[in-house]
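Those protein sequences? They're chains G and W, same order as listed.
In terms of our numbering, the first sequence opens at residue 114 and continues consecutively.
In terms of our numbering, the second sequence opens at residue 7 and continues consecutively.
FYI, nobody ran anything at the bench for these hints, they're computed from the structure.
Glycine included, every Cβ here is placed at the ideal spot set by N, Cα and C.
Among the hints, a few may not be true.
[Unchecked claim] Derived list of chain W stretches under chain G, where covered just means 3 residues or more per stretch with a C-beta under 8 Å from a C-beta of chain G:
id	stretch
1	338 to 345
2	348 to 362
3	368 to 381
4	428 to 436
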Amino acid sequence: MQKMNITSSPHITNTDNTSGVMLDVIFALLPATICGIFFFGFHALLIVAVTVASAVVAEYIWCRAIKKEPTLRDLSAIVTGLLLGLNLPPTLPLWMAALGSAVAIIVVKQMFGGLGHNFANPAITARITLMVSFPTAMTTFVDPFVASDAISTATPLSGSQQIPTDITGLFFGNYPGCIGETSALLLLAGGIYLVLRKVITPELPLAFFLSAAALSWALGDDPLRTLLSGGLMLGAIFMATDYVTSPPTRWGKVIFGVGAGLITVVIRHFGNLPEGVSFAILLMNILTPHITRLTTCKPFGTEVKRDEK
Amino acid sequence: MKKGESILKPFGRVRGGVRLPHNKTTAEAESVVLTPPEKVIISMSQHIGAPCEPTVKVGDKVYVGTTIGDTDAFVSAPIHSSVSGEVSEITTIRMPAGNEVKAVVITSDGEMTPDPEIKPPKVETVEDLLLAARASGLVGLGGAGFPAHVKLKPSADKPLDTLIINGAECEPFITADYRECMEHPEDILGGVYLVKKLLGIERVIICVEDNKPKAIKTLYEIASDKQDADDKVKLMKLKSRYPQGAEKVLIYSATKRKLPLGKLPSDIGCIVMNITSISFLYRYIQTGMPLVSKRITVDGNAVKEPKNLIVPIGTPISYVLNQVKAENPEKVLMGGPMMGIAIYDTSLPVLKQNNAILAFTGKQAESKPMTDCIRCGRCMRTCPMGLTPAGVEFAVKNPKLDELNALNVMYCMECGSCAFVCPAGRPLTAVMRLAKNEVRKAGK
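Isolated chain G (complex conformation) (with noise of 0.2 Å):
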């Protein structure tokens, strides 16, 4: 008799796995990157390919240290050294973006288990621990087309007062800043893209996008400039949306979105943090478990049952 192959139904699927949402992803961010390269020079190439490439490294070492097959084809190591790459400024010493990717991938990923099992954003964690660990050079930022040993500026964000930078410039990334997350317009394009690659869906982004807005709106700040500056592009787009740390239910991902919008506001406007979007971000990371509890939808037919009690 001839051997037949057995499974359970259903014996199709899709052709989505999870490389492919991490292509799509990288796919998404590499206009914003070649972006900033072009902006910052080309030590911010460095520090990309460093934070990729660590990140790559310190995720084989671990695996093999611990006797787990390799998790490297799944690209997301890549894609969490690519967002913490964006996420750091153009002059930060290379071995502060390699020590950044190791925790960002051993500390916060594996040591939690792996792919699918952090409760915190690799790259933000790895982000908010360089900030507090060298915080003079994690607010170092210098103008776009000057060499990386030029004199450093301030972000459009640092301190009480803020640097007038027109909006179109903002909108392009041409201002001192991340070395991702200064153009609006291609951090833009790529979430659209992976709304149309169905990766993402819009409703976290647009909460985040909208809460901030308002907030910023009702204080008396530029709502405008408040969206355009500092990392609320990305963060709210590509690292907010990351599918581990974030509620995969429709009203849990507005609820994140709100959340994280109205805190980036209350700590730029009252904090004297340059940034609030990274502990946004990792503040809702830590309620997700919860939100997501609020937020899961009744089974089909439960609103009948509960009439007849």
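Knowing the structure of chain G, use the given hints to seat chain W on it.
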């Protein structure tokens, strides 16, 4: 239905679901009657409910339509010989689910002589209809195999107002119901009018997915000509979205009523019948020939000549596959690719409720490689019942009853949508089955 009357749009839309590749390559393949095999193996359990006991012994002469298995149990349906010839063996066979059932093996004389005692039943009252439905051996031909006479039995405290005819056929590849619409539309309408009249049902909704426009047109044209003075028989064009033909989903689309867990459609005033079932019931009342053959779509990439075959019940699957020149299939399914069962032994016979045999080879016989869950939430958003398959997968590793109950696993109808969309290739539908078993075990 009156001429010029537009076709109904769905009244409700259930969340989630998936868009599947249709692969209805056999849609325009007219049914071909299969040359009967030398031997048929007729299982005594071809329905939900009590299995039948053989009523014949080895050496008995049988004809097409002779009753060979019956039982006193209410939820059951008699079984008939599908060929004429001699009972050569009464044996047990192992079904794909692992259970053993009795089976009657009949060696055909090649004549296919109908039983001389067969005559059309007299159907004038509800009781006549129920008796006829039971005697015909009819079970739900959509796949579940629920005995039709049980379904049709009216109950005093549950008035029925809607008859829903399920012609959704949302599984890929299968075109057996579609062929019924194209080849016997009069029988479908005839059955509808008869059941409507006898059961005193107010309205009938014949539901067909919008990927079968020809079937809708054919039924519409026939229905317009038929007598339906008070205009209570309607056609509904459903959106082609899997699992549109699942009972709960279909009832919601057709009536906007939600079927609660553990309830029957009759509890909310509905009765759902497969389109081929109602057509068969009408033919039985005209001819008296019980359910002895079944139209089956034979397709898949291992099949050289995909076809719709009219197959005597009990024909070994290997015989059917030989007839369509299937070469070295690596995976053979009874039923559609979403809910069908993969069989390990092609000598198993065709059952009443089978509507497809699919044979695959190469890549299509393989499954997606499995990686870790990335918590994308697609399974949750896809589940038409609003469940959390990924959460169940985690919970079932160390099953605790209250946890599984909190996840509402019993709502799962195993449609397979979650596993279809999972990018990590997790066996989510299998996990749901495991969880349901755990809950059932605890209930005992």
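query = Which hint numbers doesn't this structure obey?
reply = Failing hints: none at all.
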